[in-house]
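Reassemble the complex: the two chains are provided individually, in unrelated frames, and hints are given to aid placement.
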Amino acid sequence: MSIKIAGVGKRFGDFTALEGIDLDIATGELTALLGPSGGGKSTLLRIIAGLEVADIGSVEIEGVDATRLPARKRNVGFVFQHYAAFRHLSVAGNVGFGLKIRKRPRREVKARVAELLELVHLSQFADRLPAQLSGGQRQRMALARALAIEPTVLLLDEPFGALDANVRKELRAWLRRLHDEVHVTTVFVTHDQEEALEVADRIVVINQGRIEQIGPPHQLYDHPSSEFVMSFLGPVTTLDGHLVRPHDLEIETHPFGDAYPGRIERFNRVGFEVRLDVRLTEDDAAPPVLVTLTRAEATAKALETGVPVWIVPVAGASQVRITTTLPTPGADSVELPQEPPLVPPPGLSAGTYVYVASGHSAWVATHADRQEAALRASVIARRRAEEE
Amino acid sequence: MADTAVSRSASRWALRVLVVGYLSLLVIWPVTLVARETFAHGLAPVIDALRQPEVIFAFQLTLSAAFWAVVINTIFGVGISLLLVRYTFPGRRTLNALVDLPLAVSPVVVGLALVLVYSGRTGWLGGSLEQAGLQVIYAPPGIILATAFVSMPLVIREIVPVLQEIGTEQEQAASSLGASGLQTFARITLPAIRWALLYGVVLSLARSLGEFGAVKIVSGGVAMRTQTATLLVEERYQQFGVENSIIAYTAAFILALIAVLALVVVTCFRPDKETPR
Chain A
1 MSIKIAGVGK RFGDFTALEG IDLDIATGEL TALLGPSGGG KSTLLRIIAG LEVADIGSVE
61 IEGVDATRLP ARKRNVGFVF QHYAAFRHLS VAGNVGFGLK IRKRPRREVK ARVAELLELV
121 HLSQFADRLP AQLSGGQRQR MALARALAIE PTVLLLDEPF GALDANVRKE LRAWLRRLHD
181 EVHVTTVFVT HDQEEALEVA DRIVVINQGR IEQIGPPHQL YDHPSSEFVM SFLGPVTTLD
241 GHLVRPHDLE IETHPFGDAY PGRIERFNRV GFEVRLDVRL TEDDAAPPVL VTLTRAEATA
301 KALETGVPVW IVPVAGASQV RITTTLPTPG ADSVELPQEP PLVPPPGLSA GTYVYVASGH
361 SAWVATHADR QEAALRASVI ARRRAEEE
Chain B
389 MADTAVSRSA SRWALRVLVV GYLSLLVIWP VTLVARETFA HGLAPVIDAL RQPEVIFAFQ
449 LTLSAAFWAV VINTIFGVGI SLLLVRYTFP GRRTLNALVD LPLAVSPVVV GLALVLVYSG
509 RTGWLGGSLE QAGLQVIYAP PGIILATAFV SMPLVIREIV PVLQEIGTEQ EQAASSLGAS
569 GLQTFARITL PAIRWALLYG VVLSLARSLG EFGAVKIVSG GVAMRTQTAT LLVEERYQQF
629 GVENSIIAYT AAFILALIAV LALVVVTCFR PDKETPR
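These protein sequence lines are chains A and B, in that order. Here the first sequence stands for residues 1 to 388, where the numbers follow my numbering. Here the second sequence stands for residues 389 to 665, where the numbers follow my numbering.
There is no bait here: all hints are sound.
Now the stretches of chain A that chain B is said to cover, found in silico as 3 or more residues with beta-carbon under 8 Å:
1) 46-54
2) 74-84
3) 96-102
Example chain B residues on the side facing chain A (calculated, C-beta under 7 Å, incomplete):
4) Glu557
5) Gln558
6) Gln560
7) Ala561
8) Ser563
9) Ser564
10) Leu565
11) Gly566
12) Ala567
13) Pro579
Honestly, the hints are just simulated from the structure, not real lab data. Glycine included, each C-beta is placed from N, C-alpha and C at the ideal position.
Bound conformation, chain B alone (with noise of 0.2 Å):
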């Protein structure tokens, strides 16, 4: 007996520091090296990078094509996930494998898909929306578009596991109370997702602030007006100069804090055991 229990733990020990020291040289150490390289000159150059117009005009980029994103995202998120596990129709499981299309395919090549569709000269729709005066690629609207299509499935994948396991009764009680189909969907699906529902909307806002490669190909990387974070990341980093790679790590940092900073307040508000039966 105590020899299996000996055993038993010497292996939990293995295996967690397998664990640990498998998260420290792929994720914890680089990302540290990141913050350390950034503060390496001391705060001051760091200060002055954030007061740059292009860090400023990147940022704000980033935001708001990362918010509307994600709006984007969670409605037609919340929509699909309802379509994929409360109905059944023809060609309900394609669907369902589409959704996990964007985390398949390389970025590069949604953003080369999305110049096919919409660019204003070449593409397939964008002429006439060129026409109509809307501008696609090399402008926000294909920066907002490939940044929600690569994101799209985090917020179907988060929430269609918790609407199967929460079941349909709930909902038929409320409809039996007289409750019509909007009423239940406010009072008791929404709520009963909101917790999983949150957590799809940070993922993808994480996922929103660092895309990089679909980004990349659609906006053309102008600075002042295409230019999101990560392609300034990009674009300092391969300059020369210290005041340029400063500049560089510094971006690159905030957007890793932001993306910590979201998972660690949902995993703190986040119950520790999703509401048991």
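Isolated chain A (complex conformation) (with noise of 0.2 Å):
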């Protein structure tokens, strides 16, 4: 094992970011750690790196107690979200810094800066400031400086995030094939469960400050553990108290099986897909089920908005029994008291529920039942989250 975590656990003042993390990580493998903003997964890569330390648990490194090493002495690679290029150096000064604190012979780091630069793809750049490269080549120029000193771990924290989505796209598919060539010990962390699913070797979904599950990607998207789990790596969409991925549900314009009845919504056609809002017959207050299909598919089947259709998902298709949709009370639920300071948002008449989605944002959804309520506000997170 690389990296041993054991019983890790932080707070900040009064807020919980990790609680009893166990984590190993094998020799040469690229791990993602995914899970929303706030969930605690960057943290837990600073404390790998020794930028934070533990409140409790301890963090091994190559079979070295490392819970209480500084940062310095850990011989750890680590890459910021924003570069954090040294803006004073020239791209060689900055991937040859740690070898000159190293003390070793220039020769020795020029021949090393050169390679690496090579590495990267950054050799014609080699005397520029920082300033003068684009996000993605700083990412690069960052990425090399933390190889440079041949560490026994590499760490990205959301390496890609400052970057347009193409350069995102392709630095992405470069970190797996360089991970193919280096084979350091990788660990990144992401928030873009497309790009966890991508590059990784293993997954490890972190949530509230917790492992929600480990796994490599194939078996997280289709064998999901929780609710949350199969929410958060795809497209889902309820049907009968199951959560189920739009794109395994089967639709018909006649009844079949043991289908359900239902009417389009809404039809929207976004590039080579179509997505589909069917209202259930059976069970209109609930919200629309979500179906999406190629083009090609909706057009043979003559699908418009107002056609009646009959819904069922595939066999074989991942779903998740809904039991949480109860919010418990402080931790993912708020409710609006009757009395200032809380303002409640327009449109909310204090006393109704209001289910607070995890991440930066609150999806509202106003209903006298409070589980009713729950159940709409996380559809209407789900969907959002798909738009975005």
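Structure follows, in structure tokens:
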């Protein structure tokens, strides 16, 4: 095991950032820490790096107890979301920084810097200042700088979070190839499920300071252990008390098997994909079920707004039974008080229930029944997450 | 469209005239008059004035006091700035407010306060210091102390915003690459704040050269012993005779010249935009 984390916990004042984290990361593996913002994944990464100290628990790196070791003695490469480039040093100066600190001979530093710049395709920019590079180039420089010290583990904190969508995709694929070349144990933090699914050997889903599930990408996608993992790793919709992927629903314009009858309420085409809102006949108070299929399929089946349809999950579809729609008071639900100081959002009266989804955004639904409000808000939250 | 464009350019011109007019009446014109008065009788009396031992002594004293005040302010300024930006501790806000005190309090009050603490006869600490052989009040150490007090905020107020802006990520990156605290400071933090630091140093040098009120109280202003350049200007200005006036104007002119030169040099060297992200 390259990294062994046991019983790690961390609090910031009243806020519990991490609780009871046990995690083993094998040598040479590329692991993603995936979860919503504020879920504790960055804190865990910083604890591994020694930039943050755990309140309890221990961290072992390559068999050495690193719990009390300062960052500079851990031999860990760390890449920051906003590059943390040394602005007054050239690209070569940035990359060679760790080697100069280690008082390596000048010739060796020069050779190693050249080699790393080659690796990250920045050789022709060696004498530029970081300010003269694009975001993607700066992040590659930061990566070369971290790799220069031949770290035991490479840690990346939302490495592509500050980049354009296109550059992000490109760098993602490049990171995967780089890892296959360099083989250093790598842990990266991301809130982008697509990034984690595409790049990682193994994904650790972290939410509200706890590990929700650990496994290879396909296993997490196909066999999520909880509603949270299911809805975080991909689009979901609710059908008959279960979470289902919208592309795992079979839709026909005639009754078949145990299919649920309904009507297409909204027909929305996004590129190659068609997204349908289906209002169920039996339960028209519930939010509509989302069904996605390809444009060709939709055309073949002559689907359009107002058409009666029958839907059912396909055989082998991943499904998770909804059990926790009632949010635990305090943790993820807020009851609007009858009195100030909390002003209810516009359109909400005091005393209704609000469901606050994880992350920075609060999704609000009003209903006299608390469970119903929570359910509706969570559906809105998922929809919005999909749209983003 | 054309109307708004015209009115916008008109208001821009009005603003420019207002600003330039204000600066001229308040700063440029009076300072120019000092220069004119200095050279009213030609260059020879000015050179004569500069040869006077009192003048030479006053400038030597001023420069050395300013130098030491700036050294003290640079070291403590960087330290206090780091403390204010990088650490949270009880009393941080109070310290932050206290740093601005010298700008708010009249220098005369500063001088009196220093006398109360360091005076050899009546001072709270001065007696023991004098027994140990160090005279503070009515001596150069007092002048340095007063000057340092008055110009203390200038370095700090220049550095603090830059430290806040650069954040701690570069420092964290340096430590993850194996740099010790001292190495991180010397190789990362110091280069990042170097322009702000230089600007702060120059401002505090300019302020130190020109300090009058606090110095007047703590120094006693004895010619050839504790009379700084600003005190010399005041003394000679109040005496009769063209010769004395010219000495006063010459010293004033030199003081202004040094300050302006320092600012010009720094403004020229300072990069237009402090290393963009």
